[in-house]
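S.K.: As they're listed, the protein sequences go chains Z and Y. Reminder that position 151 of the first sequence reads as 151 in the numbering used here, one-by-one numbering, no gaps. Reminder that position 33 of the second sequence reads as 33 in the numbering used here, one-by-one numbering, no gaps.
No wet-lab data here; the hints were simulated from the structure. Each hint should be verified, as a subset may be incorrect.
[To be verified] Computed footprint of chain Z on chain Y, listed as stretches where at least three residues anywhere in the stretch have a Cβ under 8 angstroms from a Cβ of chain Z:
1) 91 to 105
2) 153 to 166
3) 199 to 206
4) 235 to 244
[To be verified] Below, simulated SDA-like cross-link-like pairs (lysine to any residue); rule was C-alpha separation at most 20 angstroms, straight line:
5) Y:Lys332 <-> Y:Val202
6) Y:Lys50 <-> Z:Glu93
7) Y:Lys50 <-> Z:Leu101
8) Z:Lys4 <-> Y:Glu67
9) Y:Lys113 <-> Y:Pro140
Quick reminder that beta carbons are idealized off the backbone N, C-alpha and C, glycines included.
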Amino acid sequence: MPEKKITLSVSVNGVAHTATIEPRMLLSDFLRHELGLTGTHVGCEHGVCGACTVLLDGRSARSCLTLAVQAEGVEIETVEGQGSVDQLGRIQEAFRQHHALQCGFCTPGFIMAITDMLRHHPLESDEQIREALSGNICRCTGYEHIVNAVRELARERGPLT
Amino acid sequence: MQVKFENAPWDGEAGRSRDDKAFRDISEHSGAHGRTMPESAFPIDGGGMKPAPFEYLAATSAAEAAEALAAANGDGKIIAGGQSLMPMINFRLVKPTILIDINRIAGLDRIEKHGERLRIGATVRHRMIATDALVHRHIPILHDAMHHVAHLTVRNRGTFCGSVCHADPAAEMPMMTLLLDGTIAALSIRGERQIAASEFFVGSLMTSLEPDEFVTWIDIDTLPPETGWGFEEFSRRHGDFALACVATTMRIVDGVACDVRFGMMGVGETPLRLPDIETLVEGQAISETLLQDVSEALKGLLQPNTDIHASADYRRHLAGVLARRALRDAWKRATFRKDGPDA
Numbered sequence: 001m002p003e004k005k006i007t008l009s010v011s012v013n014g015v016a017h018t019a020t021i022e023p024r025m026l027l028s029d030f031l032r033h034e035l036g037l038t039g040t041h042v043g044c045e046h047g048v049c050g051a052c053t054v055l056l057d058g059r060s061a062r063s064c065l066t067l068a069v070q071a072e073g074v075e076i077e078t079v080e081g082q083g084s085v086d087q088l089g090r091i092q093e094a095f096r097q098h099h100a101l102q103c104g105f106c107t108p109g110f111i112m113a114i115t116d117m118l119r120h121h122p123l124e125s126d127e128q129i130r131e132a133l134s135g136n137i138c139r140c141t142g143y144e145h146i147v148n149a150v151r152e153l154a155r156e157r158g159p160l161t
Numbered sequence: 001m002q003v004k005f006e007n008a009p010w011d012g013e014a015g016r017s018r019d020d021k022a023f024r025d026i027s028e029h030s031g032a033h034g035r036t037m038p039e040s041a042f043p044i045d046g047g048g049m050k051p052a053p054f055e056y057l058a059a060t061s062a063a064e065a066a067e068a069l070a071a072a073n074g075d076g077k078i079i080a081g082g083q084s085l086m087p088m089i090n091f092r093l094v095k096p097t098i099l100i101d102i103n104r105i106a107g108l109d110r111i112e113k114h115g116e117r118l119r120i121g122a123t124v125r126h127r128m129i130a131t132d133a134l135v136h137r138h139i140p141i142l143h144d145a146m147h148h149v150a151h152l153t154v155r156n157r158g159t160f161c162g163s164v165c166h167a168d169p170a171a172e173m174p175m176m177t178l179l180l181d182g183t184i185a186a187l188s189i190r191g192e193r194q195i196a197a198s199e200f201f202v203g204s205l206m207t208s209l210e211p212d213e214f215v216t217w218i219d220i221d222t223l224p225p226e227t228g229w230g231f232e233e234f235s236r237r238h239g240d241f242a243l244a245c246v247a248t249t250m251r252i253v254d255g256v257a258c259d260v261r262f263g264m265m266g267v268g269e270t271p272l273r274l275p276d277i278e279t280l281v282e283g284q285a286i287s288e289t290l291l292q293d294v295s296e297a298l299k300g301l302l303q304p305n306t307d308i309h310a311s312a313d314y315r316r317h318l319a320g321v322l323a324r325r326a327l328r329d330a331w332k333r334a335t336f337r338k339d340g341p342d343a
C-alpha cells in the first residue's frame, strides 16, 4: 500500500525542525534517525520500560507510543536539552552525585520523567517519589540511588506552588 | 494475517508491564501459542518491531472522523491517547489502513457536570481526571481509582474513553463505567447511538461498538455526598493490571446500607457488576457475618481464569479478601460522611 508522506514541523529543545516522513514513523525513531538525537533510548518499544520518555508540551510521554506526525506543532524536550558532558544539567548532576546510574541505558528516560515530576508533582514522601518513578525500569541500580537523587532534587525545589 | 477485533478501537490507557492478556488473547485467536510475546506478535512482513504502513488523518471535527472511519470500511482505527493501540500497532497485531487522530477535535477534552451526571469527553486524559475538582468532589472513588491506572507518563496521554473502548477486563476505567451506570455515546455517519455500560462490554477486549462507530463522550453517575466507597486492588507491582479488584459504594440510611453498588475486575472476561452481592448487602449493616456471607457467595459467582500470575482458586480467594476490605471501607466512610458532605 502506498503511504502518503506528511510534512511535519516540530520544535525540539527549542530548535525548529521540518521533515517529510511516513505516518507510521514513531517519534522515538524520528528523533534518533531523522534528527540524529540518539540520547532518547529505545528499549521495549511497547510502552513498558520508559527508556524513550520525552516531554511533549511539558508533560512526559513515551516516544515509542507516539507517532511523529502526532507531534505537529508540539514543543518536544529530550535529554539533549538538559545539559552536556562539560556542563551537566541539575538532574544529571544529582544522578552523578548519588550514583543513580550504572550502565546508563535507562537514564535519559528517568531524567525526562523526573523533569515532569519536579515541575508538576508534590514528591513530599518517598512513597510519592517511588510511585512517580514506577513507570521507568532500571535493571542496574535497584532504584535506591535514584530515589536518593530525586529526594534531594524535590527538597531543593520545595513545595509546589 | 491480520487479526481484527472489529469492536475495539484499540485505544486508551495501558503500556503497563505484565504478561499481557491482550496479546495472549489475540495470539489465541490467531491460532498461535499464547505466551508473553507470541510469535505471531512479531512482524510477518519484515523489519523489526515497527508499525505496518497506514494513512493518517488528523481530524478537525467529529463529523470528519466519522466519515473517514466509514470510508475505511472496517479497517480504520481511531487514535486518542494511543497507550493501548500503539503497542498493538508496533507489534503489528493491528494493521489499520488509516489511523484517524481525534486529538485535534475541539471540545472533546472537557469534563462537565450535567445534572447528576458527569460527562467525560473522548480526549480527556487520565491525568485530567486524577486532578479534576468535579471528580474529586462528586466521584471520590474515581479519584481514588486513578492512582491505580498505570504510571504517570501513561496517565499523561491515555484517555478515559479510550480505556473503556479497549475494554481490558483487568483495567480500572471499564469497571468504573459499569459501576457508575455509564452511558457511552457512539458516533457514526448514521448518527449518535447511546449505549448503556451494561450492554457495552461483551468480552475480553470486545465491545458492542460497530466498526464505523467511535466514542465521543461517556456519562457517569455522580454520587450523593454522603456516599461511602471502597476500592481495593491487588496487582504484582503498583500500576500493573489487577489480579483482582473490588469497587463498591453505599449510603447508610436508618443504620443499614442502601444504594449498594458492587463491581469487580480481573476475575472474568469483562468487568463485572454483581447484583447478587448488591442485593445481599442492601438493607444490612456491615458485620463480620455478612462479610463472610459475601465472600462465600463470591466463590460461587466468579469464574476467574488461571494464568501465569495466579490460579483461579487464588483469584477467588483474593476476591473474598478484597471484598471484605472494600465493604468495610465503604461502610466506614459512609458512617463518617452521613452527617454531611464536609463532616
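S.K.: Would you mind marking each hint as holding or not holding in the structure?
M.R.: Here is what the structure says about each hint:
1. Coverage of a stretch by a chain is defined here by at least three residues with a beta carbon nearer than 8 angstroms to that chain's beta carbons; for the stretch 91 to 105 of chain Y and chain Z the count is 5, and the condition holds.
2. Counting residues of the stretch 153 to 166 of chain Y whose CB lies closer than 8 angstroms to any CB of chain Z gives 4, which reaches the minimum of 3, so the coverage claim holds.
3. Coverage of the stretch 199 to 206 of chain Y by chain Z is violated in this model, with 0 residues showing a Cβ closer than 8 angstroms to a Cβ of that chain against a need of three.
4. Coverage of a stretch by a chain is defined here by at least three residues with a beta carbon nearer than 8 angstroms to that chain's beta carbons; for the stretch 235 to 244 of chain Y and chain Z the count is 3, and the condition holds.
5. With a C-alpha separation of about 34 angstroms, the suggested pair lysine 332 (chain Y) and valine 202 (chain Y) falls outside the 20 angstroms cut-off, and the hint is violated.
6. Pair hint lysine 50 (chain Y) plus glutamate 93 (chain Z) does not hold up; C-alpha atoms about 35 angstroms apart against a cutoff of 20 angstroms.
7. Under the criterion of a C-alpha separation no larger than 20 angstroms, the hint pairing lysine 50 (chain Y) with leucine 101 (chain Z) is inconsistent with the structure, at around 29 angstroms.
8. A threshold of 20 angstroms between alpha carbons decides the hint, and for lysine 4 (chain Z) with glutamate 67 (chain Y) the separation of about 19 angstroms falls inside it, so the pair holds.
9. A C-alpha spacing of about 15 angstroms is found between lysine 113 (chain Y) and proline 140 (chain Y), which places the hinted pair at or below 20 angstroms, so the restraint holds.
Against the hints set out earlier in the document, violations occur for numbers 3, 5, 6 and 7.
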